[in-house]
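Novice: Here are the chains, one letter per residue:
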Amino acid sequence: MSGKLFRNFSFLSATLSFFLLVGIFAILFTYAQEAMQEFGFDFLLSETWEADEDDEGGIFGGYIPIIGTLLSTLIAMTLAVPLAMGIAIFLTEIASDTIGKPVSIAIELLAAIPSIIYGMWGLFYFAPIVQSVFGGNGVGLLTAGMVLAIMVIPFMAAISRDAMNTTPLVLKESAYAMGATKFEVIKDVIMPYSKGGIIGSIILSLGRALGETMAVAFLIGSVMSIPGSITDPTTSIPVLLANNFAEAQDLEMSSMYFLALILFVVSFIIISVAKFYFLGRKVK
Amino acid sequence: MHRLILNKIVLVLSTLSAVIGISFLFWILATLTYKGVSSIHWSTFTNDLVEGGIRNLLVGQFTMAIIASVVAVPIGMMAGIYLREYGHGSKLASVIRNLSDVMMSAPSIVIGVFVFALFVDPFGGYNGWAGIIALAIMMIPIIISTTDNMLSLVPTELREAGMALGGSKHKIILQIVVKAAKVGITTGVLLSFARIIGETAPLLFTSANNQFFTMDLTEQFPSLTVSIYNLATYPDSESRELAWAAAFILTMIVLFINLIGRYAIRNKK
Amino acid sequence: MAKDKLVMEIKDFSFTYSGAEEPSLRKINLPVLKNKITAMIGPSGCGKSTLLRAMNRIHDLYPGNKYEGKINLYKEDGTKENILDLKKENDFIKLRQQVGMIFQKPTPFPMSIFDNVAYGLRLSGTKNKSELEGHVEKALKDAAIWKETKDRLKESALGLSGGQQQRLCIARAVALKPRVILFDEPTSALDPLSTGAIEELITELKKELSIMIVTHNMQQASRLSDYTAFMYLGDLAEYNTTEKIFLNPEKKLTEDYITGRFG
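Chains as they are written, first to last, in the numbering used here: chain Y, 122 to 405; chain R, 10 to 278; chain P, 11 to 273.
Okay, chain Y solo, but in the shape it has when bound:
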């Protein structure tokens, strides 16, 4: 292969990500047109999701899956952030190498387990516990949020750990040399120093939680209704897509594309903010 050909091929490969991103946006936008024109902004606020008898039209509103997505993510993040920070602190500042290494490996393995496994385990083993403690049906917002938290914790902890590890040793030592306790060094030196990476890890996890399909699909209940209490079943955008997208027709299908577009754009914004504002560009 000649040098020029090699270069051109590498260039084309590189531009592919750009075309994919634009392509996804364009396709979703095009297919969502029908629903966008029919419902406009009311789509975001309407709770009704009903096809007509002849399957050709109907009223479709995204409020319930949007709220379900946001609430399950909120529960997940509320639980995950303190635990993930605790783990990151444990790994960087507390554990000796002999303990820290295996714990680190375990956390990374936990992050590698496919989400469908979390969902299935959650349905059969975790949901009954939630039910006996908090009441409800077992499946619902709370169970979905909790299992979502268990899923994103290792991811968040691993990135935060890497960020905290970048704190220069000498900076920590100089705080200890002033008579600071471990907690004070963590609070006053490590946290402020690695703030960008920590916030970035939280936002990336938030993006993951918003877009997570399989774990939530097992656990949220997949019901098109507004949850009256935290243990009530509802649905989320990814779950609605996973269960109903392929069978939908015409306007309902277009409404699904509209939801996918909303999810895509929101994730895009969140990830961009995390990457560029907080994590910084890793480029040297």
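In case anyone wonders, no lab produced these hints; they're calculated from the structure. Owing to the predicted nature of the structure, the values given are computational and were not obtained by experimental measurement. Any given hint might turn out to be false.
With a Cα cut of at most 25 Å, we get these calculated DSS-like pairs of lysine-lysine [claimed, not checked]:
#1 308(Y) <-> 97(P)
#2 316(Y) <-> 115(P)
#3 104(P) <-> 17(R)
#4 17(R) <-> 100(R)
#5 37(P) <-> 115(P)
#6 85(P) <-> 104(P)
#7 17(R) <-> 137(P)
#8 308(Y) <-> 137(P)
#9 308(Y) <-> 37(P)
#10 46(P) <-> 308(Y)
#11 151(P) <-> 139(P)
#12 104(P) <-> 46(P)
#13 151(P) <-> 44(P)
For chain Y, the structure is supplied; the task is to place chains R and P on it using the hints.
Specialist: Just chains R and P, lined up with the frame of chain Y:
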């Protein structure tokens, strides 16, 4: 003394979080092993889904993941090479790098929807190729990022030394730079393979699933993960048992590849 | 030499890093005299930083290191305490407030200039705002950086130049009114001008407290210090007044090092 007590409390809470994290790993693995091992029979591996086994599902899942890798690895590596070796420092490269990072975290279900619109709907139905394309789209940005990062660790002097000997740029890249980054890139490829082989959402309405053994990628294609999703929610106990068996095997495969990628290869160096 | 008072005293001190077979320091005997500057010189790896880091037990952040012998810290009332006997975290904290440390690179914390200097004071329980302000101003003046910083106390310390940052770190240490400050090659990351300012500052500081400084820079040792210890391969090769060490060393090894024949 107040400071010391606060310190103790925080340290205890942190340690507790780690204990909680670890216990979930063991809890999940213990459940999987307990339910999985008792549900696995010899026939699990020799029968297809229609006869209560996962033979066709394993073959199908691996076929799609392997072909997706065959497509994604060269493209991803070439793109990474462009970003680091040709376009490095240019505005274009930095834009592409950022977009690729965003693609890496795009919701997998949305990729499924996108592929459905382009490769399922117009072709009259679910097919294996659509599943492969969805997996490849997920994999490419991961490979780009790994390649880019690993090449950045190769010292500039190595490139300059190659230049000084009169090598042409693409030969230096292939014969020196990529070779020097081989271990890291291999790790990245293995980890991304482990990631896509456990994916469900992008397959749901692309390849969908097939109860029978097939190697024909133009029809619905058997998938282990999609089957787990279906089987686990069936009410009969045989289906659930098969789901546990499949879940156990899938997790073992994913963790095994992860362990090899993260620790075996890295420690060899 | 006899009339100078001791502030610290290292006696038969040996130190072995965690996991190491051989000790990194062997049977060191070295006095640290009050209101004097003691310099430690020697080739890289001779153990001078290791010794310095034992004097405020900063080694104890990492488990498994072994100490032998004694390092005594003399109190104002003349009683002494062997700092190697300390076990509790609270005792370490008290020790480190009395024995401050300045590192090779400036280590401003990611907070404002004021908060950096007030940091140690707040840790040790000073809450009163005007009291803090007074102490911070005094410390910044003592560290000769008040003029440059008085109008920007609320700004991040990371915006200061390298030399200013190092003086800020000195102010931060001085604010705690330590009895001893340990300097670990404090100017090795700085330009000549900033180095000059720091050296001047160190000379000024010895009126108030006692100083131990590790340096690679022979001229710096001879300019600054009253006493010099020459360390070699984990042993204290020679200790004397700086004048003696530089003009008339007892050992050939010391002379060879000082004249630049090795190291």
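Novice: Would the pair residue 104(P) and residue 46(P) pass a check requiring their Cα atoms to be no farther apart than 25 Å?
Specialist: 22 Å, holds
Novice: Within 25 Å, alpha carbon to alpha carbon, are residue 37(P) and residue 115(P)?
Specialist: 29 Å, violated
Novice: Given the proposed pairing of residue 316(Y) with residue 115(P), does the C-alpha separation stay at or below 25 Å?
Specialist: Holds - the C-alpha atoms of residue 115(P) and residue 316(Y) are around 22 Å apart, at most 25 Å.
Novice: Regarding the pair residue 308(Y) and residue 137(P), is the alpha-carbon distance no greater than 25 Å?
Specialist: Distance ~18 Å between residue 308(Y) and residue 137(P) Cα, so the pair holds.
Novice: Hint check: residue 308(Y) vs residue 37(P), CA-CA at most 25 Å. Holds or violated?
Specialist: Not OK: residue 308(Y) and residue 37(P) at ~39 Å, beyond 25 Å, violated.
Novice: Does residue 17(R) lie within 25 Å of residue 104(P) when you go C-alpha to C-alpha?
Specialist: 17 Å, holds
Novice: Is residue 17(R) within 25 Å of residue 137(P), Cα to Cα?
Specialist: Roughly 22 Å separates the two Cα atoms, so the pair holds.
Novice: Going straight from one Cα to the other, do residue 85(P) and residue 104(P) come out at no more than 25 Å?
Specialist: Between residue 85(P) and residue 104(P) the Cα gap is close to 13 Å, so the pair holds against 25 Å.
Novice: Taking only the CA atoms, is the gap from residue 151(P) to residue 44(P) under or equal to 25 Å?
Specialist: 22 Å, holds
Novice: Can the restraint linking residue 46(P) and residue 308(Y) be considered satisfied, given a maximum Cα separation of 25 Å?
Specialist: 36 Å, violated
Novice: Hint check: residue 151(P) vs residue 139(P), CA-CA at most 25 Å. Holds or violated?
Specialist: Roughly 18 Å separates the two Cα atoms, so the pair holds.
Novice: Residue 308(Y) and residue 97(P): Cα distance at most 25 Å?
Specialist: This hinted pair holds, its Cα atoms lying about 24 Å apart.
Hint check: violations occur at hints 4, 5, 9 and 10; the rest are consistent with the structure.
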